[in-house]
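As numbered in my numbering, residues 1 to 230 make up the sequence shown, in order.
Worth flagging that the hints you see were computed from the coordinates, not collected in a lab. Careful: at least some of the hints might be erroneous.
[What the hints assert, rightly or not] As a list, the in silico SDA-like pairs of lysine to any residue whose alpha-carbon atoms are at most 20 Å apart:
1) K80 / G108
2) K76 / R148
3) K76 / V221
4) K76 / G156
5) K76 / Q145
6) K80 / S29
7) K80 / L226
8) K76 / V86
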Amino acid sequence: MSRSALSVRVLLWAFLFVVVAPFLPLLISGRWGWWEAWVYAIVCILGFAISRALAGRRHPGLLAERGRMLRHDDAKPWDKTLAPLVGLGGALLPLVAGLDARFGWSAGFSLPVELAALILIIGGYALSSYALVENAFFSGMVRIQTDRGHRVISSGPYRWLRHPGYAGALLAYVATPLFLDSAWTFLPAALLTAVLVIRTGLEDRTLQAELDGYRAYAGRVQYRLLPGVW
C-alpha cells in the first residue's frame, strides 16, 4: 500500500474515532437536547485536540510516531491485537450509551453523580494528556524505539505511576457510563479495562526486559496504574 493511501486511511480512522465516535450518543438516540452527550463530545474532541497540539509543540516527532502506529514492523505481536481493541473499546462506550438512551434500557443517575463523573472524565483526560506531553516516546504501539533514542521518562506524572496515560484513560472510561446515564455502558467499560490492564502488564514486562534503566525505574516507582493497588 502506498504512503498516500496509508495517510488517507489514518486520517479516515482519526475522523471516525475522534470526531464521529464522541457524537454517537446524540446520533443514535436522536435526543438533540441531551446536554450530557453534548458536553461529552466536546470534552472528548477538545481533549484530543489540545493534548496533541501541546505534545506536537514540545516533541515534534511524536505525532508522526503515533500516526505510523499500524506500520511499525518492530511492534510487539500481541500489541497488534490489543492496541486496535483499545481503540474499538473506546468507541463502544458512546455506542452503547446511545443505544441505551434510544431504547430506555437504564433508569439513569442523579445530577450529583453525573457531575462527579464529569470531573473524573476531565481529570482522566488531564492525566493522560500530561503523560502524553511529558513523554516523547508515548507511541501508539508497544515497541522499543531504538530509531528515536528511546529512554526512560521519570518526570511529570511518571514520578508517581509507571503508566499514567493508561491510568487517566481508565478513569475516563469508568466514569463515562455514569455521566451518560447508562448502566449498560459498564459492560464495554469493564471489557476495555480488562484489555488495558493486560496491555499494561505486557508493556511493563517488555520495558523491564528490553529498555535500559527501566528496571531500576520500576524499583523506584512501585505502581503501574493504581497507587496502593497495582
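Quick rundown of the hints versus the structure:
1. K80 / G108: It is violated: about 36 Å lies between the C-alpha atoms, which goes past 20 Å.
2. K76 / R148: holds (17 Å)
3. K76 / V221: violated (24 Å)
4. K76 / G156: Since the Cα atoms of K76 and G156 sit roughly 26 Å apart, the hinted pair is violated (cutoff 20 Å).
5. K76 / Q145: holds (12 Å)
6. K80 / S29: violated (33 Å)
7. K80 / L226: violated (25 Å)
8. K76 / V86: holds (15 Å)
Hints 1, 3, 4, 6 and 7 from the earlier list are contradicted by this structure; the remaining hints agree with it.
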